[in-house]
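Visitor: Residue strings, one per chain:
There are 2 protein chains.
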Amino acid sequence: MLARLLAACLALGLARAAVSPVSVFGHKIPDTDAICAAIVYSWELECRGIPAKAFRLGELNPETAYVLRALKVEVPALLESVDAHDTVAIVDTSNPAELLDNVEKAQVHSIVDHHKFCGLKTSAPLEADIRPLCSTGSILYARAKAAGRKVPPQMAALMLSCILSDSLEFRSPTTTELDKQYAAELAKLARLDLHAHAEAMLEAKAEVGHLSPAELVMMDSKVFEIGGKKLRISVIETTKPDKVLQFSNELKEAMITMREQQQLDDIILLVVDILQERSVFVSSSESATKLVERAWQCSVGPDGTAILANVLSRKKQIVPAFESAAAGAPPIRLESNDRVEPERAAPRREGFLHKVRAGLR
Amino acid sequence: MLARLLAACLALGLARAAVSPVSVFGHKIPDTDAICAAIVYSWELECRGIPAKAFRLGELNPETAYVLRALKVEVPALLESVDAHDTVAIVDTSNPAELLDNVEKAQVHSIVDHHKFCGLKTSAPLEADIRPLCSTGSILYARAKAAGRKVPPQMAALMLSCILSDSLEFRSPTTTELDKQYAAELAKLARLDLHAHAEAMLEAKAEVGHLSPAELVMMDSKVFEIGGKKLRISVIETTKPDKVLQFSNELKEAMITMREQQQLDDIILLVVDILQERSVFVSSSESATKLVERAWQCSVGPDGTAILANVLSRKKQIVPAFESAAAGAPPIRLESNDRVEPERAAPRREGFLHKVRAGLR
Numbered sequence: 001m002l003a004r005l006l007a008a009c010l011a012l013g014l015a016r017a018a019v020s021p022v023s024v025f026g027h028k029i030p031d032t033d034a035i036c037a038a039i040v041y042s043w044e045l046e047c048r049g050i051p052a053k054a055f056r057l058g059e060l061n062p063e064t065a066y067v068l069r070a071l072k073v074e075v076p077a078l079l080e081s082v083d084a085h086d087t088v089a090i091v092d093t094s095n096p097a098e099l100l101d102n103v104e105k106a107q108v109h110s111i112v113d114h115h116k117f118c119g120l121k122t123s124a125p126l127e128a129d130i131r132p133l134c135s136t137g138s139i140l141y142a143r144a145k146a147a148g149r150k151v152p153p154q155m156a157a158l159m160l161s162c163i164l165s166d167s168l169e170f171r172s173p174t175t176t177e178l179d180k181q182y183a184a185e186l187a188k189l190a191r192l193d194l195h196a197h198a199e200a201m202l203e204a205k206a207e208v209g210h211l212s213p214a215e216l217v218m219m220d221s222k223v224f225e226i227g228g229k230k231l232r233i234s235v236i237e238t239t240k241p242d243k244v245l246q247f248s249n250e251l252k253e254a255m256i257t258m259r260e261q262q263q264l265d266d267i268i269l270l271v272v273d274i275l276q277e278r279s280v281f282v283s284s285s286e287s288a289t290k291l292v293e294r295a296w297q298c299s300v301g302p303d304g305t306a307i308l309a310n311v312l313s314r315k316k317q318i319v320p321a322f323e324s325a326a327a328g329a330p331p332i333r334l335e336s337n338d339r340v341e342p343e344r345a346a347p348r349r350e351g352f353l354h355k356v357r358a359g360l361r
Numbered sequence: 001m002l003a004r005l006l007a008a009c010l011a012l013g014l015a016r017a018a019v020s021p022v023s024v025f026g027h028k029i030p031d032t033d034a035i036c037a038a039i040v041y042s043w044e045l046e047c048r049g050i051p052a053k054a055f056r057l058g059e060l061n062p063e064t065a066y067v068l069r070a071l072k073v074e075v076p077a078l079l080e081s082v083d084a085h086d087t088v089a090i091v092d093t094s095n096p097a098e099l100l101d102n103v104e105k106a107q108v109h110s111i112v113d114h115h116k117f118c119g120l121k122t123s124a125p126l127e128a129d130i131r132p133l134c135s136t137g138s139i140l141y142a143r144a145k146a147a148g149r150k151v152p153p154q155m156a157a158l159m160l161s162c163i164l165s166d167s168l169e170f171r172s173p174t175t176t177e178l179d180k181q182y183a184a185e186l187a188k189l190a191r192l193d194l195h196a197h198a199e200a201m202l203e204a205k206a207e208v209g210h211l212s213p214a215e216l217v218m219m220d221s222k223v224f225e226i227g228g229k230k231l232r233i234s235v236i237e238t239t240k241p242d243k244v245l246q247f248s249n250e251l252k253e254a255m256i257t258m259r260e261q262q263q264l265d266d267i268i269l270l271v272v273d274i275l276q277e278r279s280v281f282v283s284s285s286e287s288a289t290k291l292v293e294r295a296w297q298c299s300v301g302p303d304g305t306a307i308l309a310n311v312l313s314r315k316k317q318i319v320p321a322f323e324s325a326a327a328g329a330p331p332i333r334l335e336s337n338d339r340v341e342p343e344r345a346a347p348r349r350e351g352f353l354h355k356v357r358a359g360l361r
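From first to last, the protein sequence lines are chains A and B.
UniProt numbering numbers the first residue of the first sequence as 1 and each following residue consecutively.
UniProt numbering numbers the first residue of the second sequence as 1 and each following residue consecutively.
Calculated from the structure, these hints are not laboratory results.
It is possible that some hints are incorrect.
If several chains are the same, the list does not tell them apart, and a pair holds so long as it fits within one copy or across any two.
What the hints assert, rightly or not - Simulated crosslink set (BS3-like; lysine-lysine; CA at most 30 Å straight-line):
(1) LYS28 <-> LYS240
(2) LYS188 <-> LYS315
(3) LYS105 <-> LYS290
(4) LYS28 <-> LYS243
(5) LYS121 <-> LYS230
(6) LYS28 <-> LYS230
(7) LYS290 <-> LYS121
(8) LYS105 <-> LYS116
(9) LYS116 <-> LYS230
(10) LYS145 <-> LYS116
(11) LYS180 <-> LYS121
(12) LYS28 <-> LYS290
(13) LYS230 <-> LYS290
(14) LYS121 <-> LYS240
(15) LYS72 <-> LYS188
(16) LYS222 <-> LYS105
(17) LYS188 <-> LYS145
(18) LYS116 <-> LYS180
(19) LYS150 <-> LYS290
(20) LYS116 <-> LYS72
(21) LYS145 <-> LYS240
(22) LYS188 <-> LYS243
(23) LYS230 <-> LYS72
Model the full assembly from the supplied sequences, consistent with the hints where possible.
Guide: Structure (structure tokens):
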């Protein structure tokens, strides 16, 4: 009897505990997909009767700041730690290295992501919805459609922003036909001109004058273990590469310092020229030069830079090129007038051959 | 031009390569959910236009052998290895320790599972559908419903078998209301008497006379790292515990040998009495005795056994009890006439308090 009473009290306590909202967040060094997907997924959870609150794990980049300002969406609060008592939901990554320290001890309610598995462990069974689409926003929209949930214009605009950001307005080889279809549907729901919104995002992204060289290198950056080396791979996606490249000496110096401080083997910086659909590699060491020369069979010039034609995606092109090179596979051969064939780099997904441009307007 | 031609050839080659079927399998030491879900998921993939073939990673247990025989379903072929060229789909686990050695190098097309994340890494983005339901079969049925796929009777019978097996016909605290609803729907689609099918499965499961003591210990067994110790936790779920317990001395001897051979800290064996809804712990060492006494605040008798009232589920009760004990939490207090309140052991999931019995008939 006493035990039953105790159990009832416990259950009540749990019911109350369950009211404290689930903390929803994306990865550290957040990008537009990490921030907007956290907001949209907390909306989804609320629709499902699960109290939820969106957070960010770092400062907004200029593009994301523009998106939230333009859509009149509040900036999520900064989350600095989690512990075993917290219930969390994760978007846009399942990589423990990109999350807060105690995340594996927390109660992970769910994960919505579009990356590979990176070794996360959880303390209990969970919900996970992972799909090879270009953005987390795409998956969240697919979920809303499947559940027959009415999507408010603001939520649609956030999901559209995820797709446009992660696909560089459909230029990246991560883009699928489904992403393009979803973007068109979301633009209608959001009552937004898709291309104009994308242009404004790119414009905001190109405004990086207020950032220090170190901040620029860290703005969109992830660490990978490849071939036994710890590499930080940073990309700066911009429509105005010259604005960045005029500071290439300062960027090199920042990278040399950061490599030391962060105990990395190398930092690889690629300035992605979105409109020209190519990247400029900025070398900060002899070993970084060699890595890039081996991965793409190219020559880095005496100024320490190299143009990598048609290289746009870290996930589909840059990381696979380094992984192939580390595994001893033949390098990706660049030809100035052809795309790097992403099949060489990441042979699994269909549809990479198509030039995934425009189409929607 | 040449590059474009090469690309076209490559694409053609890939299209042909994509025709080689995806290998679908569950965990090593397969149970009914691992085997039947592999068969059902390969059916789903085929329906989706993705050639697929179900495999097993080990010998069938008596219950699963009965199910396939009764439903006239072919036994999947044994898969002994995978390599980086194979495309695979995984059901009922995402734990690399329960899979083939090279699985992290293979192309993982997708995962359908109902367990916690255990640290798997994949080489590329993938599809993953993970939900906290009682069986993989439940998730596969939810997917078929969501996609509007017509479920043939044989497939329905396989999914029903998954649910009945993993939930011990709804006795296990892993059972959710959704699992019970799905089972009722699947029994109709399969034109099967749910309870009669469950009884026949339990009957088959109790027939273990042909197994050696070591085979019995390994029949449903998983290894866990808990509190810095490597524990093999084996359960023998049976309606006829006496048939097993008459060999408790032989079981102890087998465990002592296996602990040595497999370099484990301990083997914990629980003979789960499905009808009485309790487990009998059979100790094979002083340290195993202490672990169990600490986890459940019980006394192991001089014969090396202890009755753990209402303990049925490795996932929801046994593993969490050891984890709590290792983390210094107060032990689960057993009272002979009360269920172990699973909330204590695994506080996250709703609905555990209900006695999840019968109801359907």
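Visitor: Take the hints in turn and mark each one as holding or not.
Guide: The hints, checked one at a time:
no.	hint	in the structure
1	LYS28 <-> LYS240	within (25 Å within a copy, 53 Å between copies)
2	LYS188 <-> LYS315	within (29 Å within a copy, 46 Å between copies)
3	LYS105 <-> LYS290	between (40 Å within a copy, 25 Å between copies)
4	LYS28 <-> LYS243	within (25 Å within a copy, 55 Å between copies)
5	LYS121 <-> LYS230	both (21 Å within a copy, 17 Å between copies)
6	LYS28 <-> LYS230	within (18 Å within a copy, 33 Å between copies)
7	LYS290 <-> LYS121	between (35 Å within a copy, 27 Å between copies)
8	LYS105 <-> LYS116	both (21 Å within a copy, 12 Å between copies)
9	LYS116 <-> LYS230	both (18 Å within a copy, 28 Å between copies)
10	LYS145 <-> LYS116	both (24 Å within a copy, 27 Å between copies)
11	LYS180 <-> LYS121	between (33 Å within a copy, 29 Å between copies)
12	LYS28 <-> LYS290	within (29 Å within a copy, 42 Å between copies)
13	LYS230 <-> LYS290	within (15 Å within a copy, 43 Å between copies)
14	LYS121 <-> LYS240	neither (40 Å within a copy, 36 Å between copies)
15	LYS72 <-> LYS188	within (18 Å within a copy, 51 Å between copies)
16	LYS222 <-> LYS105	both (23 Å within a copy, 21 Å between copies)
17	LYS188 <-> LYS145	both (14 Å within a copy, 29 Å between copies)
18	LYS116 <-> LYS180	within (21 Å within a copy, 33 Å between copies)
19	LYS150 <-> LYS290	neither (52 Å within a copy, 55 Å between copies)
20	LYS116 <-> LYS72	neither (32 Å within a copy, 37 Å between copies)
21	LYS145 <-> LYS240	neither (37 Å within a copy, 48 Å between copies)
22	LYS188 <-> LYS243	neither (34 Å within a copy, 67 Å between copies)
23	LYS230 <-> LYS72	neither (39 Å within a copy, 52 Å between copies)
In this structure, the earlier hints numbered 14, 19, 20, 21, 22, 23 are contradicted, and the remaining ones agree with it.
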